[in-house]
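Participant: Starting from the given sequences, assemble the full structure and let the hints guide the process.
Chains as they are written, first to last, in our numbering: chain A, 274 to 881; chain B, 58 to 646.
It should be emphasised that the hints constitute simulated quantities derived from the structure, not laboratory data. It is possible that part of the hints are untrue.
[As the list claims (entries may be wrong)] Keeping only pairs whose Cα atoms sit at most 25 Å apart, straight-line, the calculated DMTMM-like set for lysine to aspartate or glutamate is:
| no. | chain 1 | residue 1 | chain 2 | residue 2 |
| --- | --- | --- | --- | --- |
| 1 | B | 225 | A | 777 |
| 2 | A | 481 | B | 632 |
| 3 | A | 481 | B | 490 |
| 4 | A | 807 | A | 777 |
| 5 | B | 290 | A | 777 |
[As the list claims (entries may be wrong)] Partner residues are not named here, just some residues of chain B that face chain A (Cβ under 10 Å, in silico):
| no. | residue |
| --- | --- |
| 6 | 91 |
| 7 | 94 |
| 8 | 132 |
| 9 | 164 |
| 10 | 178 |
| 11 | 214 |
| 12 | 290 |
| 13 | 319 |
| 14 | 398 |
[Said to hold, decoys possible] If you want the footprint, here are the derived chain A segments under chain B, 3+ residues with CB under 8 Å:
| no. | region |
| --- | --- |
| 15 | 321–333 |
| 16 | 495–504 |
| 17 | 513–522 |
| 18 | 543–554 |
| 19 | 580–593 |
| 20 | 715–721 |
| 21 | 804–817 |
Think of the CB as a built atom: it goes at the ideal place given N, C-alpha and C, for glycine as much as any other residue.
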Amino acid sequence: MTSFHEEEILGKAYDKRLARRLLGYLYPYRRVVLLSVFFLLVVSALQLAGPYLTKVAIDRYIRTGNIQGLNGIALLFLGVLLAQFCFAFAQTYLMNWTGQKIMYDLRVQIFTHIQKLHVGYFDRNPVGRIITRVTTDVDVLNELFTSGVISIFGDIFTLAGIVLIMLWLNWKLALVSFSVIPVLFVASIIFKVKVRDSYRWVRTCVAKMNAFLQENITGMSVVQIFVQEKRKFQQFDERNREHLDANLQSIFYYAVFYPAVNLIGALAIALILWYGGVQVLAGVLTLGSLVAFIQYSERFYKPISDLSEKFNILQTAMASSERIFRLLDTQPAISPPLHPVRLKSLKGKIEFRNVSFAYKEDTPVLRNISFSVAPGEKVAIVGATGSGKSTLINLLCRFYDVQSGEVRIDDTPVTHLDLDQLRQSISIVLQDVFLFSGTIEENIRLWERPIERKQVEDASRWVHADHFVQRLASGYDERVAERGSSLSVGQRQLLAFARALAHDPKILVLDEATSSVDTETELLIQDALEKLMKGRTAVVIAHRLSTIQNCDRILVLHRGQLIEQGSHQDLLKLRGVYYKLFQLQYRDQLASPRLFAPDLRASVGNPG
Amino acid sequence: MFIKSWLINSRTRHLLTLVPFLKKYRTQITIGIFMVLATNIAAMVAPWVLKRAVDHLYHEISRELLLYYSALVVCASAVEGFFRFQMRRILIGVSRYLEYDLRNHLFAHLQRLTPRFYQQYSTGDILSRASNDLSAVRMVLGPGIMYSVNTVFTTIFTITLLLSISWKLTFLTLLPLFAVTYCVKYFGRSIHQRFESIQRQLGSITTLTQENVSGIRVVKAYNQENAFIERFKQANQDFMHRSLSLVRIWGLFYPLLTLLLGVSAASLLWYGGRQVVQGSITLGDLVAFMSYLAMLTWPTIALGWVINIFERGSASMGRINELLDHQPEVLEGGSKETLARLKGDINIRNLSFSYNGFPVLRNVDLQARAGETIAIVGSTGSGKTTLVNLLCRLYPVERGTIFIDGIDINDIPLSILRKNIGYVPQDTFLFSETVAENIAFGKPESSRLDVENAAHISNIWPEIQHFPRKFETFVGERGITLSGGQKQRIAISRALLVDSPILILDDALSSVDTYTEEQILRKLSGELKNRTALLISHRVSTVKMADQIIVLQEGRVVERGTHDELLSAGGFYADLYQKQLLREELGVE
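Facilitator: In structure tokens:
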């Protein structure tokens, strides 16, 4: 089950290099942090006052019958409590405020850095992992700052305070009662380790169970049709049972631990009672001190338990920061040019010169490709799966940089071109249309460039998206459901066209979708596509015969090489790779009535 | 008893659903409650010993008695510890068993619900009810019950003992404790609300990041990086404000508790001290009082907490009940005498079906004799899929409309009906199991030979040979990502393997290229000979060999007959075919 928790490999609880870098984030807020630490010390000190005041009250006033003194000490007690209340609140707020600020800084830094990384990084790293960096890992660091580092001072100070006061009151009795501290420490550490392991087991079980549940809910009708309810129920029961076992184990640890702590506490009280009692009898210890001792011994537990938790916090925080820093240290493989060339007006000429490219060494995807596309020309790229079509697009948009050769736009190498200008000049429509959660309008306009509502509507009307958008309850303000699941495949395509059109690019890059849509939409898409390409340089990975027909030229890619190019008729006559591709992939589209269009028939009809 | 009366309280009424589940564990719960009682009795010993010791120390005490008292404190704690261990183990344990039972119950219930239900509730919604809401209910059953019982016992015992020492002192020191309960309840609720609001915002941050990363090509291609950084900053600022609003109340909460408990202790010292001075109580009484009061601390906090647990748990139970209240639309039904294997004569008579008030099928008639192949043609939304779904009874079927082998399908036990149908649905769904397990899904006991045979027929076998672990390769995240066509072909193998007399292929070759489709069809034709097959497709080439072709339009059968008959009838189908023929001629040069 490695897949569930591959990231929980923990290392050292303290790493000097990482710690120093982490402290850097604390630095801008150092004054607040110092104030917070100071408050924390005050609170710890005030907390120690209660038992001591009790001792004074008993020894000096109650035993002597001094009611006036008793009133005074009660008032003092009240004052201490109020002060403690104020300082504790201020301390908590300041510390969390700092934590939140740091979390904000860190998240924005990571996110900004992610924006700079090149597409290849995202191809290699699963989405979930990147999200974890931004969310969970940062959260862990927040935990480190708010309840880790700073409160360690508090715990140590409290513990030291108790120890000192007890030693001061009566060092012999103090030493006797300290004998339980190591036991308490060991018990706490064992418990924390056990609980952590069992908590992890529980989490793995929950993950497994939820994954199973999700899959079964999604595929419920398949289960029902194949009458596999019983088997699936048994499988669910197994997971549910393991989850139960994991929880029972953790219940066991808790059930053992708390009574054990109580028992250790009782042992301390018994020791104090016995050894201290003897001293009281001998007149060495006052009764009030005895009571104070008992009360102090009850306060051992909290700081010790907190401290034993710190180890976990430190350990996970180091692991998280390691991962975060690794991400932050990833250099963007595509860097903007040092002296970017900004063309006055981009015409849209594309040229590939002896381009070779490989994602992984030894497996070349493109080999020595050269071609050029004149401004306004429309070029279709065809080829079997894996022939390198998408890579061509990746290089053109500079998602990746070529390893040898050059990609040029308007006779300027893309590596010299201002990256913003390059991407503003190109609009790309991908096979799998990506919709963001937001309104229809936002999905067409996107967020960066100022595009008026009217332009959005005009673009939509032009590519036939307007029709269905108008039918939505809130029109262009309708919110798109998760990944656009409320829209049909065809509708999503049209929206992507509208998006591309609204951004009015010089160059249009299109990876046509293969999925089938109904007849009506299919015709709309064909028409929209034609309009979209008009007056622009277009590079299209074509899956539709009609699209190929509309292009000026066809480039045939085969195993990373450009092996044929020319018009549809020329290439068919050649009886080469294109001819075979046509037979396999495009011919059947002729058989489908919905693609029927008279002009199309004519063009295929009499090639020779 | 008191739990019941609490449950009847309107806010917590949803929890009544749990009563039958609780009954199963009544022995354990009774024992557990006894453990709570025993724990509390044992806990009362130590302060009493302390009181005696202090009083004796005030005057005179032998070392032996002192040792005896010390030993008593440890023994009492050990006994208490044993009971406390049992109490936790039993009562919290029972809550986990109940959670387990409830979850199984819920899952079994979900298994009986129809697609209509799953269209109504999103997967995320159901999941959240099955995990988060169930956890909240579990909190009621475990800590909720345990701490309420504990609180009652502790309160009764300590207050009795406190009253026996001094009623004035009791009254004075308990006042701040009532405030503690109120405080926990009030703050608890408000902390929960703010926490939820933070979680929601964290959800938005996650979604934003996820979209940004998943759509990174679009983001980069349209230069949206800075826009996204701005949106991200906004979302994080919002998150920070929400978090700080929690911190404000959270930062107040514990200091306030400490203050209230401290006030109680201070007033005890003040007033109790006076009483000792006045001689109405002893110093030992005062010390014991301090201990008993300390014992009340946790129950008063727990009380406020428990009230919230019950309220939250009840709301969650309500959400789970909403799922449980959905009655399965399709019942098992049927008499058990039906033959396990049907022949496959299908007879549909005047079948009409509406979905959410929309008529989907209107007066459909269809006869298929065992072994025949029926093709169903029609545009999207014409009711093709609904028709075959009804045959599997995925939706309730009106009596007297669909018959198999002359038996109304409502009279055939559901499991037998479905076992006699091999179905390749339009949307292919595979499980994250191995390829072999997916193919053998409907018949897990199949031999490897059968599995490979099925893979051969759907023409997926050669490709499986290239998978990293061949038939043992996992499908999905843990293994290989399959293309649409590969998934469809595995789904076909899966349907073929059950070896049913009826086979349904719902547009099952849409993601497969024509060349592969032809190969599969050729291999399939052998399989189809001894089965009744229903073939949905929009490719004429696929359907022309059928014994009977049905054209559906807006839920009505508009044409029916063999390929030749429909051609001579000169309707929709003939038109379709003519166009195809024409284009085939044109295509071949």
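Participant: Give a verdict on every hint.
Facilitator: Results of checking the hints against the structure:
| no. | hint | result |
| --- | --- | --- |
| 1 | 225/B to 777/A | violated, 84 Å |
| 2 | 481/A to 632/B | violated, 53 Å |
| 3 | 481/A to 490/B | holds, 13 Å |
| 4 | 807/A to 777/A | holds, 11 Å |
| 5 | 290/B to 777/A | violated, 29 Å |
| 6 | 91 | violated, 16 Å |
| 7 | 94 | violated, 16 Å |
| 8 | 132 | holds, 9 Å |
| 9 | 164 | holds, 5 Å |
| 10 | 178 | holds, 9 Å |
| 11 | 214 | violated, 17 Å |
| 12 | 290 | holds, 6 Å |
| 13 | 319 | holds, 4 Å |
| 14 | 398 | violated, 14 Å |
| 15 | 321–333 | holds (count 5) |
| 16 | 495–504 | holds (count 9) |
| 17 | 513–522 | holds (count 6) |
| 18 | 543–554 | holds (count 8) |
| 19 | 580–593 | violated (count 0) |
| 20 | 715–721 | holds (count 3) |
| 21 | 804–817 | violated (count 0) |
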